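Novice: When you get a sec, could you build the whole thing from the sequences and use the hints?
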Amino acid sequence: MQSLFARTVISYLMVFAVPMILPVAFVKLVGLGGLRDLVTYEARDTPLHKLDPRLKVLYPVGMGILSIILSWNFMLIVFALSVLPWIWLRPSRQKIRVLMVMVIGPALTGFWSQGLYYLPNPPIHFLYKFPWTISWLGSPGITTFGMVFGLQQTARVLVTVSTSMLVLVSTDVGDFTWAFERFRAPPQVGFALTAALRFLPDMISRTTLVLRAVELRGYDLSRPRWFQVARWPDYVRRVCRCVVIITVPLLVGTLRGTTTMAMVADARGFGAKKRRGSLIEHHTTAVDIWGYAILVALVVTAVVLNHFHIGARVYG
Amino acid sequence: MSAGEVVLITGASGCGKSTLALALCGLIPSRVHGELRGSVRFEDRSLRELAPHEASQLVGMVFQNPNLQLINQTVQSEVAFGPENLALPQPEIAARVQWCLDVTGMAKMRHAAVVSLSGGEKQRTAIAATLAMRPRILVLDEPLSDLDPVGAQEVLATLQHLARESGTGIVVIEHRVDEVAPWADRVVLMSGGKIIGDRPPREAWEDQAPWLATGVGIPDMVRLSHALPDVFGGRVALSVEEAVSSLAETWFVPALAGAAGDVPMPDGAGDQLAGTGGGTPPVLSWDGVSVDFDGKLAVDDVTLSIAEGEWVTLVGANGSGKSTLTGLTVGLGKPSSGTVRFRGKPVRPGRIFEQSAHTALLLQAADEMLFAETVLGELEFGTRFRALPPDPVLDVEGAIDFFGFRGLEQTSPWELSQGGRQRLALAAILVGAPGVLVLDEPTTGQDADHKRAFLHLLDRVRERTGLTVVTVTHDIRTVASRASRVILLGEGRVRLDGPASAIFARTGELETWGVLAPPLARLQADLLGSGQSRVLLDVDSLLAAVTAGAARSGAS
Chain A
1 MQSLFARTVI SYLMVFAVPM ILPVAFVKLV GLGGLRDLVT YEARDTPLHK LDPRLKVLYP
61 VGMGILSIIL SWNFMLIVFA LSVLPWIWLR PSRQKIRVLM VMVIGPALTG FWSQGLYYLP
121 NPPIHFLYKF PWTISWLGSP GITTFGMVFG LQQTARVLVT VSTSMLVLVS TDVGDFTWAF
181 ERFRAPPQVG FALTAALRFL PDMISRTTLV LRAVELRGYD LSRPRWFQVA RWPDYVRRVC
241 RCVVIITVPL LVGTLRGTTT MAMVADARGF GAKKRRGSLI EHHTTAVDIW GYAILVALVV
301 TAVVLNHFHI GARVYG
Chain B
1 MSAGEVVLIT GASGCGKSTL ALALCGLIPS RVHGELRGSV RFEDRSLREL APHEASQLVG
61 MVFQNPNLQL INQTVQSEVA FGPENLALPQ PEIAARVQWC LDVTGMAKMR HAAVVSLSGG
121 EKQRTAIAAT LAMRPRILVL DEPLSDLDPV GAQEVLATLQ HLARESGTGI VVIEHRVDEV
181 APWADRVVLM SGGKIIGDRP PREAWEDQAP WLATGVGIPD MVRLSHALPD VFGGRVALSV
241 EEAVSSLAET WFVPALAGAA GDVPMPDGAG DQLAGTGGGT PPVLSWDGVS VDFDGKLAVD
301 DVTLSIAEGE WVTLVGANGS GKSTLTGLTV GLGKPSSGTV RFRGKPVRPG RIFEQSAHTA
361 LLLQAADEML FAETVLGELE FGTRFRALPP DPVLDVEGAI DFFGFRGLEQ TSPWELSQGG
421 RQRLALAAIL VGAPGVLVLD EPTTGQDADH KRAFLHLLDR VRERTGLTVV TVTHDIRTVA
481 SRASRVILLG EGRVRLDGPA SAIFARTGEL ETWGVLAPPL ARLQADLLGS GQSRVLLDVD
541 SLLAAVTAGA ARSGAS
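First to last, the sequence lines map onto chains A and B. Just so we're aligned: 158 in this note's numbering is position 158 of the first sequence, and the numbers increase by one with no gaps anywhere. Just so we're aligned: 247 in this note's numbering is position 247 of the second sequence, and the numbers increase by one with no gaps anywhere.
I should point out that these hints are in silico values taken from the structure, not numbers from a laboratory. Note that the structure is a prediction, hence the values are computed from the model and not measured. Each hint should be verified, as a subset may be incorrect.
Claimed, not checked - Here's a subset of chain A near chain B, in silico, CB distances under 8 Å, partners left out:
| id | residue |
| --- | --- |
| 1 | Y41 |
| 2 | G174 |
| 3 | A192 |
| 4 | A196 |
| 5 | L197 |
| 6 | D202 |
| 7 | A213 |
| 8 | E215 |
| 9 | Y219 |
| 10 | P233 |
| 11 | Y235 |
| 12 | V252 |
| 13 | G269 |
| 14 | G277 |
| 15 | L279 |
Unchecked claim - Below, a list of computed lysine-lysine pairs in the DSS-like style, where the Cα atoms sit at most 25 Å apart:
| id | chain 1 | residue 1 | chain 2 | residue 2 |
| --- | --- | --- | --- | --- |
| 16 | A | K50 | A | K95 |
| 17 | A | K28 | A | K95 |
| 18 | B | K296 | A | K28 |
| 19 | B | K296 | B | K108 |
| 20 | B | K345 | A | K95 |
| 21 | A | K50 | B | K108 |
| 22 | A | K28 | B | K334 |
| 23 | B | K296 | B | K334 |
| 24 | A | K95 | B | K334 |
| 25 | B | K334 | B | K345 |
Beta carbons are placed, not taken as given, at the ideal position from N, Cα and C, and that holds for glycine.
Specialist: This is the structure:
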């Protein structure tokens, strides 16, 4: 295992394993269809669904602030706090599977890439030092410091991702629009969000349909088995070429769709009045007040502690 | 138009129906580029001078594709969107939403996600959302195009209820004339951007010349009424029910009964309905196939075989499993149990490229299948990635001549008409000569003339190539009736399987599974009772048989 050859093989596996595993995991466990599920609202009767939409819009913002200003040890608590509501929500299995891939994927990427390329000041402790046959790629080896740093950065991003996803899954778009209205945001903000969340799943469905159509027309998109290494470059080439091929029908269809949508929005009086009415009137409940209080307390406490250099991030 | 009037506007594809609809709603020239001469007036107001949201409270429009006009995530929020934009008070919004959902039969689904709705439910939601603006006139552009016949009747009943109960004027733009005419107060025929006929439905076909010239179909009951004026007492029947009441006590019934034995049966088809497939080895077979989507069975233990050269049509309500079943033949989707075979070899799920060399599938959205910059490029597309067989029945040059694209080789596919693009997509998938052609709703949104042309083309293709054809369709009258074999699917299972003349005699069973038999079949079943084993499916054959039957029985 100490020979140059063995160390080279191990090193190449370490460097390329993650970039190779992640796309495969995405295709196998999520796919385009799974991506469609990621942003769709799940109508359920949970306390989270009933929360004031304004609180739900503020929740990722507040947690995002905490994830930015707090040091790593405190971040662990924030991260745990962002995961807890998921237990309350009990999403569908399909959603959990997609979320896990979407969470673990970036975590693994951050952990791995920072381990390879984030170099602390000497002396550097290498977990595995690469031989010259691979170090020319730019990384002298995997460092413990880099991996820990990667984990910290990933956790910060995941707090915002997790809280945003939680809100998307548990909030009807109409409620988002209502919340933005109450925040005095222009109606266009709510409409843009509504249209995006409504048509993103459709866009993904259309892409799937066009990909099937291109195969029906005789274009080979069949994936080689993992051990058919020689066939993978050709597969990647075919996939890249396919992106160009399917762009025209996708673009034509999308432009037609947006024209109709614009006419429908006009016909339904969008923009006719400065303020909009609302079918649903959300009344602030005791649970909402508790929610606001906890969120404000968390952010204020973090800011105050930060001011006194407790739990604050160290720069430089 | 008067309040509460239902007007059917029809005409050949490209005659200006949809443009007229956009003008009626005040969207031309404000939202659709064009020069508008003349004016559209609601009472004393010109729609041109109103903002779109003001015009839409007078004339509302339901666009052709319901999917593109549902902007929100749930049914309730979609219907509330318009009144919310008008900043109405909450009780008024709630009342409008409730009324619209009640009148369109969507109240039970108010919290359902839009993406989970069927085509008919989406159409009803679009109508409800437009109604929420409280328009005095409602314009619907091809509202039936994605609906099965039963769903179409439900939507039409909803529209008539609206007209009668609330005085809303209804304009329906539609090719499916025979289905809409019984519900209409006026029928308007357009050609070349002009209105060439505008009469009550019973008088609309007195002069048949413009209908024949424009290629718009004449309803079977109308044709029958005109062919037998004495029996109908000079009255024109618009629906099967009206025809039955006119014919019930006349010589027509015994003559029809006498003619019933003359109904020709296709080869190999007896009185017993069964999956025939002929004596030859099957080209396609499904052996105990089930398909499960998240615990819901879309296809349930289907065993079927299709013989070489057959033309089989699958019919059934929306969601009955037709497209799922045919998709399996090219590797789209994976059976949860059972095997699909092509010429005895199992079809491998997901290997669409491999299977497309044997089985060509034309999607309903044929536009999604065009990828090249020119007609020639489109026809050569498949050959760039896969070698043609040594002696193809149809090569690129052959396809150019056969499908009429000579001289158009360098034209962009997007410059062709919709019918032309569909013809091009069909030509492109046939180059390379597959053994089976699967067509998913090939005539949706086409006028009668285009349907006839397409089916004629299909006949020529079959003659030349001996192709096995499998069609999935709601178009019972035109497509299903021409197939050599019809299979009825209901809730994922095969419910009936046999020749068209025998299947369409089972009107009661068809209706149970959400399919309306062709009007002529229902007429024969209603007049002679549901025990008939066979029915005639075109007016000329029926008239000839009845005349012969009358002569035999001595009636006149």
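Novice: Taking the hints in turn, state whether each one holds.
Specialist: Hints, verified against the model:
no.: 1; hint: Y41; verdict: holds, 6 Å
no.: 2; hint: G174; verdict: holds, 4 Å
no.: 3; hint: A192; verdict: violated, 11 Å
no.: 4; hint: A196; verdict: violated, 11 Å
no.: 5; hint: L197; verdict: holds, 7 Å
no.: 6; hint: D202; verdict: holds, 7 Å
no.: 7; hint: A213; verdict: holds, 5 Å
no.: 8; hint: E215; verdict: holds, 4 Å
no.: 9; hint: Y219; verdict: holds, 5 Å
no.: 10; hint: P233; verdict: violated, 17 Å
no.: 11; hint: Y235; verdict: violated, 12 Å
no.: 12; hint: V252; verdict: holds, 7 Å
no.: 13; hint: G269; verdict: holds, 3 Å
no.: 14; hint: G277; verdict: holds, 5 Å
no.: 15; hint: L279; verdict: holds, 4 Å
no.: 16; hint: K50/A x K95/A; verdict: holds, 20 Å
no.: 17; hint: K28/A x K95/A; verdict: holds, 15 Å
no.: 18; hint: K296/B x K28/A; verdict: holds, 22 Å
no.: 19; hint: K296/B x K108/B; verdict: holds, 21 Å
no.: 20; hint: K345/B x K95/A; verdict: violated, 36 Å
no.: 21; hint: K50/A x K108/B; verdict: holds, 21 Å
no.: 22; hint: K28/A x K334/B; verdict: holds, 15 Å
no.: 23; hint: K296/B x K334/B; verdict: holds, 14 Å
no.: 24; hint: K95/A x K334/B; verdict: holds, 21 Å
no.: 25; hint: K334/B x K345/B; verdict: holds, 16 Å
Against the hints set out earlier in the document, violations occur for numbers 3, 4, 10, 11 and 20.
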